[in-house]
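*Asks:* For the protein sequence lines, the chains are H and D, in the order given.
UniProt numbering applies: residue 1 is where the first sequence begins, and numbers increase by one.
UniProt numbering applies: residue 1 is where the second sequence begins, and numbers increase by one.
If you are wondering where the hints come from, they were derived from the structure by calculation, not from laboratory data.
Even glycine gets a Cβ: it sits at the ideal position worked out from N, Cα and C.
Careful, some of the hints might be misleading.
[To be verified] Quick list of simulated restraints, FRET-style, between CB atoms:
#1 H:59 / D:633: 29 to 35 angstroms
#2 D:626 / H:58: 43 to 49 angstroms
#3 D:687 / H:58: 44 to 50 angstroms
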Amino acid sequence: MAKSSATKDAQALFHSLRSAYAATPTNLKIIDLYVVFAISTALIQVVYMALVGSFPFNSFLSGVLSCIGTAVLAVCLRIQVNKENKEFKDLPPERAFADFVLCNLVLHLVIMNFLG
Amino acid sequence: MMKVLGFLVLLALSSALTCEAAIFKPISHSHRSAALELFTPADGSFKSFEEAYEALRTFEVLGIKKQPDQRADTCASVVDTLSSPSSALKDLFQALRVNGLLNCELNKKAFAGIVPRLKDAVKIASSLLDSYYSVGSLVLIKGLSSDVDVHLESADSVFRAIKALGQSDGRWRYSSNNPESSTYAAGIAFESLAGVISLASSEIDQSLISMVKNDISKLLGGLEKYDDGAYYFDEKLVDAQGHQGPLAASSAVVCGITSFATVSAENLNLPGDKILGLARFFLGIGVPGNAKDLYYQVEALASLENNRVSMPLILSLPTNVLSLTRKDPLKVNVNTVLGAAAPSLTVKLKQIFSSGSKDSSVIDQDLKFDHKNAVHYLDALPKDIDVGSYVFTFEVVLHDSEHRMIYATGGRTKVPIHITGVIKVNNAEISALDSDLGNVETRKKLDLAGENSVCLSANHLQKLRLSFQLTSPLGHALKPHQAFLKLTHESKLEHIFVVHNSGKQFEIILDFLGLVEKFFYLSGRYDIELTVGDAVMENSFLQPLGSVELDLPEPPEKAALPPPLVVDPSSRFGPKEEIAHIFRAPEKRPPRNLSYAFLALVLLPFVGFLVGLLRLGVNLKNFPTSAPATFAILFHLAIAAVLSLYFLFWLKLNLFITLKALGFLGIFLLFVGHRTLSHLASTSAKLKSA
C-alpha cells in the first residue's frame, strides 16, 4: 500500500515537473538538450576508460574535459539567456552567445593542444 | 713455476751479454736455411739479373747445391742481353756475372761484338759506376774465354781516371760533378782498380798502386768501432742508390780491398785486428731478415775467407753457460768466418775476470785439442771458480809461423761465461715466537728441496721467523738476486717481504704487532710462499711452504680498508659485458572492434541531440535574410574554419602556424560575428519595443 502510494507520489512529482518544464522557452530547451548531449558523451568516454584502461591518458582527459567544459559553458549561456534571471536583464542574449562561441573556441584550442 | 724462473735466468743472461765481451759465431746452418727461404723468388723467376746474381752467389758461398729451377729461363735472358747491341752497361755486367755462376752455353762470337764496346766504354767512362760495370764485364769475359783480347792498352790512364774521383779521406765520389763522397763508392772503386790491374797489358805504374794502398789505409783509419770489438764503415751519404747502410758499405769495401790485394803484388799491411773486427761486425748481425743484407754479409765473409792477406779466425763457444755441478768442460771452437776448420793452433786461457769485482786472476793454461770433434777444451775449471758470471780471456796461438802472417786472430778475445751450479739449502726452519721473551712456541723444520705444508697459528703479539742457509758448491755464501717471502691472505691480498742475509744465513722475522695495519687487520689463513732465484742457481725455486693462521685484533674505526683486489690485467682487455637495451613494452591496446563500438556509442548522443532538436521543433526562421544573411553565413563559415584549423593543428600543424592563422581568422570572425549578432540584437529590440 505504502509502496504504491510512494510510486504514485513519484509519478505525481514527475508529472508536475514535466508540465512545469514544458513551460520553459524553446531556446532554453535547446541548451538543455545540448548539455545532456555533452554530458552523455563524456559519460560514454568514462565508461570506455573503465572498460579498456586509461592508456592514452591525455586523449581521454581531452575528450572528457572537452565535453564537460562545453557543458559548463552551455550552462553559463543558459543562465545568461534565461529571462527570469533579473541580474542579466540588461545583457542581450546575442552577447551571451558571442561569449559562448569565444569561450568554446579558446577551450578547444587548449583541448586540441592537449590531445596529442 | 720453473718456467718463470727460467725466463728470469734468460733475462739476466741476456743483460749480462751486453758488456764488452761478446760471442760471435761463424756462419752456420741457420744461414743456409735462411738463404733458401729468402732467395726463393715468389713468382718462380728472378726479377732482375742483380737479384739472380745475389741469390746464386749466396748459394754458392754457403755451399747450397740446389740448382735453381729457373736456370733455363735465366740463361735464355742472359743470352738475349749479351747478343743485343743496345743493352745497357749495367745489364751486360749483371748478365755476365750471372753467367759466371750458371755457366750458360754462350756463343763465343757474341763476345767479339761486346768487347770493343766495353773497351770504348772504359775509355770514355765519366762516372765511377760506368767504369765499374765496363771493367767488371771485361774481367768476367777474360775469365770465360781466352780467345778474345780484353787487354787494355791505356790501363794507366784508366787507372788515373778512376783514382781521380778519390777523396783525401779514402772515400770516393760517384762522378766528377757529384761532390758527395761515399764509402760504398770506395769499395766499388777498389774493385774496379783491381780489375784494371788484371786487364792491363803492361805493368801499372807502382806509384799509382802505392797511392791506392795509401787510400786503403786512410779508409781503414776511419773505421767506426762498437763496444764489443766489431768494426764497421759508416755510410753517411744517402742518395738515390738506396740500401747503402753500414752493412752495404762495409761489404763493398771488404770485397774491394780483398780483390785489390789479390791482384796487386804488394803487401797491403792490413791491420789484423781491424780485419777481425770487420768479420765480427758481419757475424754479429746474425741471420739477416732480408735477402739484400744476407747477400752483403755472405759476400763480405766470402771475400774475407778467401783472401790471402789476412784471414780472420773466429773464436766461439758452443755454450757460455757451464754447470759446476755437472762438471761441464769448457769448450772453445776456432773456425774461419764461414765455419771451416782452422790450421793447427793452441787456445790459451789467459785471464778470468769476475764480473762483480774489477780484480782478475791470471791463469796461463793451454786448452787441450780434441781432434775428433775439432774442439779445444778444458777438463776442469780452475779450482777457485765458483758460481757467477765471469769474463774469460783467450788467446789463439798459431803453431806455424807462416800462418801467423795469413791469419788474423786479434790478440786476446774476451768471452762472457756464466758458471751455474746447484745451491745447497740448509737448516731451513720456520717458527712462531712469543713477542716479548722470544720464546719459541712452535718450530718446524723445512725441507726446501721437497714439498712442505706447515700449519702455524699466531696472534698479533707473536712473531714469525723464517731462516735458511744458502751454500754454493765451493762452500761460499751466495746472495741470490731474489729472495722473497710472500704471504697471501684468503682474500687474495698479497704481502711480499725481502729476506735479507748475513753471510750464509738468511733470516726474516715478521713482527705481527707492527704489521697489523699493513695486513689491514685481516685475520684468517695466510699462505706462505718462498722464492729464491738467481741466474747462476740451477735449483731456483718458488715454493709454497704452508700456511699460518693469524688472529689479529678487530680494526679500530679509522683503520684503512683493504684495497680492492687487483683485477687480472688480461681481463681488462677482454670483451665487455653486453649492454641489454630495455625498450618500453607497448601499452596493451583494446580490441579494435571494441573501440569502433565506442566510437559509434559516442556519436549516438549527437544523433540524440539532433533528434531532440527536431522534436522541439527548432527552425531557422530567425536566420537573417537579404544583406545581413551574407554576414551570418560568413560567421558560421568562419567558426567552421576555426574548427577545421584546430583539426589540422591536431593532425600536422605546429602551434605557431596555428596561432598565426587563428589570429587572422579571429579578427575576421570578430568582425563578422559582431555584425551578425548586433543585427540580431537590433531586430529583437525592435520586436520588443514594437
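*Asks:* Hint by hint, which ones does this structure get wrong, listed from lowest number up?
*Replies:* none
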